[in-house]
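Quick mapping for you: the protein sequence lines, in order, are chains U and A.
Under my numbering, residues 1382 to 1666 are what the first sequence spells out, in order.
Under my numbering, residues 15 to 308 are what the second sequence spells out, in order.
The reader is advised that the hints may include incorrect statements.
List of simulated lysine-lysine pairs, DSS-like, C-alpha gap at most 25 Å [as the list claims (entries may be wrong)]:
(1) U:Lys1397 to A:Lys52
(2) A:Lys73 to A:Lys52
(3) U:Lys1653 to A:Lys113
(4) A:Lys73 to U:Lys1397
(5) A:Lys275 to U:Lys1609
(6) A:Lys73 to U:Lys1621
(7) A:Lys270 to A:Lys112
(8) A:Lys156 to U:Lys1397
(9) A:Lys73 to A:Lys270
(10) A:Lys52 to A:Lys270
(11) U:Lys1653 to A:Lys52
(12) U:Lys1582 to U:Lys1552
(13) U:Lys1609 to U:Lys1621
(14) A:Lys275 to A:Lys73
(15) U:Lys1494 to U:Lys1552
(16) U:Lys1609 to A:Lys270
(17) A:Lys112 to U:Lys1621
(18) U:Lys1433 to A:Lys156
Just so you know, these hints were derived from the structure itself, not from any lab.
Computed from a predicted model, the values in this text were never measured in an experiment.
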Amino acid sequence: MLEKIKFTLNSRRGRKNIIFSFLAMLIAVIFLFPIYWLLMMSFKPDIEIFAKVLTYYPHEFTIQPWLENLQNQEFLCSLRNSFMIATTSMLLSIIFGVPAAYGMGRYKVSGRKIILLTFLVTQMLPPSLMLTPMYLIFNNLGLLGTYLAPAIAISSGAVPFIVIILRPYFKSIPRSLDDAARIDGCNLFQSFFRIMIPAIKTGIIVVVVISFLSGWNDLAYSMTFNVKAEMRPLTANIYKFQSKYGTRWNAIMAYGAILVIPVILVFVFLQKYIVGGLTAGAVKE
Amino acid sequence: MKIAAKKFEGYIFALPGFIYTVVVLGYPLIYNLILSFKDLNIRNLRSGNAVLVGLANYKQLFTDSTFQLILRNTFIFTIGSLVFQFTIGFILALFFSKKFKLAGPIRGLLLIAYMMPIAVTAMLGKNIFGVSEGLINDLLLKMGFISEPVQWLVSTSTALIAVIAVNCWIGIPFNMLILTSGLTNIPQRVYDSAAVDGANAWQRFYHITLPLMRPAIMAVLMLGFIYTFKAFDLMFIMTRGGPLNSTDVLGTYAYKLSFTKYQFSMGAATGMVLFCCLLVIGLFYLRLIAGEED
């Protein structure tokens, strides 16, 4: 072991490795400091928050701001709404997106190029453009104030996104695999569900997670289509809680931290897949 | 016969998703276009008898001084964000494309900033740029750059700067990610042969890295433009477009017209202006990547 360290320190490559890794950690600390700040603020007691001198870590540690949120009925209700909206939009996105990615990836569908370009254009449509027409349409359909309204709107962007991300995955499956499945007596849908989907498991995980997060992170649609505050998710109620708590930054930060937890969890477990998925989607196809 | 059947199978899978997208996105888009030529507002929303007014909404928008300010803000916000997030993103990409143990994990870790709900990031930004409780003012005071706290989000001259800063924080990881993948695609032997020919580091960067990175650079700039130009969540939580419209952009302004003033047709017209600007850049982006489609 000691020999190994000695070798590392002496070799030029080893030194470079250590210096670069140290620099990288420094960059990460500086860049991610705001997230540290979010967490630290959420563990400070009121007195410390209102003190004249800014503290860079909680001198007196408390979990009161977290408890305050988790015991608050309105907060729990918003949390449930966040889950409902994210799950509903995820289901819609997957149901329409995954088969479309398969159809466009494995078959010579005519107009494929046009459809793909159309799907890419949809990624440029901002929520703020879709809000007004969708609000009026949902109003006529009686969908305002339901989870379905924001879910439909969110999934409208997620379905094309799934096709763009997942199509290359489907294309990469060897042709012989579905031929074999069909010869073995699987019908069209059996081979899709039993052979194709399991074959691209990592791709499926990426799109499930990203489409859940896009619902979880949504603000514009949920806020506008759910006129009543009790139907709104955490993102949309941030503003309300902010004004309600006044300058109670610790409670607000705990609120934010709880909202970030799913994102962090996704990162810890799925980082490498997500990174691959995002790069695949942005530059090529 | 068999080929025809195969093609038919493809449509079974592809069509539902395509129809869904067309109905859920295409219909509202056309509806929005028609709406922008009408005069729908809170008074005639119930009765539904909003008359066609042609280009009157657009005329009203472009002669309004507030709208001109909004357009200016949108471009300053977009260009300002692009310049900084691209430059810093590129520097980080160059650094993280070097081969060392922690390169991959830490590069991935930085993506958390990009994946965070913007509502939370905006709230955090509001705190960090606060006058007395803010981290930025505290750091600047301690380092002696300023002698008294700056009213970042309260003053019309600094609010947009604060919003751009937060937006760069969100955008840097994405720029870095795309540029790194571009960098790692450049074969090492190109650099090796240039080194043999005696090219120094700067020459290698200028004559090899930059030209070979052109597609990735163009893609990241155009995508960055598209994502930044349509900003909404960040301003909505951080400043509500204030103070005095100084951080209002097309996205927030369209929302305000429709949902606080209930001038739906004006909101729709603003949305169309936003859409047209995005479409111009979007078409360039499509041309860029269309060559890479099979």
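Each hint tested on the structure:
Restraint check for Lys1397 of chain U and Lys52 of chain A: the C-alpha separation of about 65 Å exceeds 25 Å, so the hint is violated. Note on Lys73 of chain A and Lys52 of chain A: the hinted pairing holds, with a Cα-Cα distance of about 13 Å set against a maximum of 25 Å. At most 25 Å may separate the alpha-carbon atoms for a hinted pair to count; Lys1653 of chain U and Lys113 of chain A meet this at roughly 17 Å. For a cut-off of 25 Å, the pair hint linking Lys73 of chain A to Lys1397 of chain U is broken: about 62 Å separates their Cα positions.
For the hint pairing Lys275 of chain A with Lys1609 of chain U, the CA-to-CA distance comes to about 18 Å; that is within 25 Å, so the pair holds. About 36 Å separates the Cα atoms of Lys73 of chain A and Lys1621 of chain U, which puts this hinted pair outside 25 Å; it is violated. With a CA separation close to 47 Å, the supplied pair Lys270 of chain A and Lys112 of chain A exceeds the 25 Å bound. Restraint check for Lys156 of chain A and Lys1397 of chain U: the C-alpha separation of about 33 Å exceeds 25 Å, so the hint is violated.
Distance restraint check for Lys73 of chain A and Lys270 of chain A: the Cα-Cα separation of roughly 19 Å lies within the 25 Å cut-off, and the hinted pair is therefore satisfied. Between Lys52 of chain A and Lys270 of chain A the alpha-carbon distance is near 18 Å, which keeps this suggested pair within the 25 Å criterion. For the suggested pair Lys1653 of chain U and Lys52 of chain A, the alpha carbons sit about 49 Å apart, so the restraint of at most 25 Å is broken. Between Lys1582 of chain U and Lys1552 of chain U, the direct Cα distance comes to roughly 14 Å. Compliance with the 25 Å bound is thereby established for this hinted pair.
Taking the CA atoms of Lys1609 of chain U and Lys1621 of chain U, the gap is near 12 Å; set against the 25 Å cutoff, the hint holds. A threshold of 25 Å between alpha carbons decides the hint, and for Lys275 of chain A with Lys73 of chain A the separation of about 18 Å falls inside it, so the pair holds. Between the alpha carbons of Lys1494 of chain U and Lys1552 of chain U the distance comes to roughly 15 Å, so the proposed pair stays at or under 25 Å and holds. Between Lys1609 of chain U and Lys270 of chain A, the direct Cα distance comes to roughly 18 Å. Compliance with the 25 Å bound is thereby established for this hinted pair.
Straight-line distance between C-alpha atoms of Lys112 of chain A and Lys1621 of chain U comes to about 46 Å, which puts the hinted pair past the 25 Å bound. Simply put, Lys1433 of chain U and Lys156 of chain A have alpha-carbon atoms about 14 Å apart, close enough for the 25 Å limit, and the pair holds.
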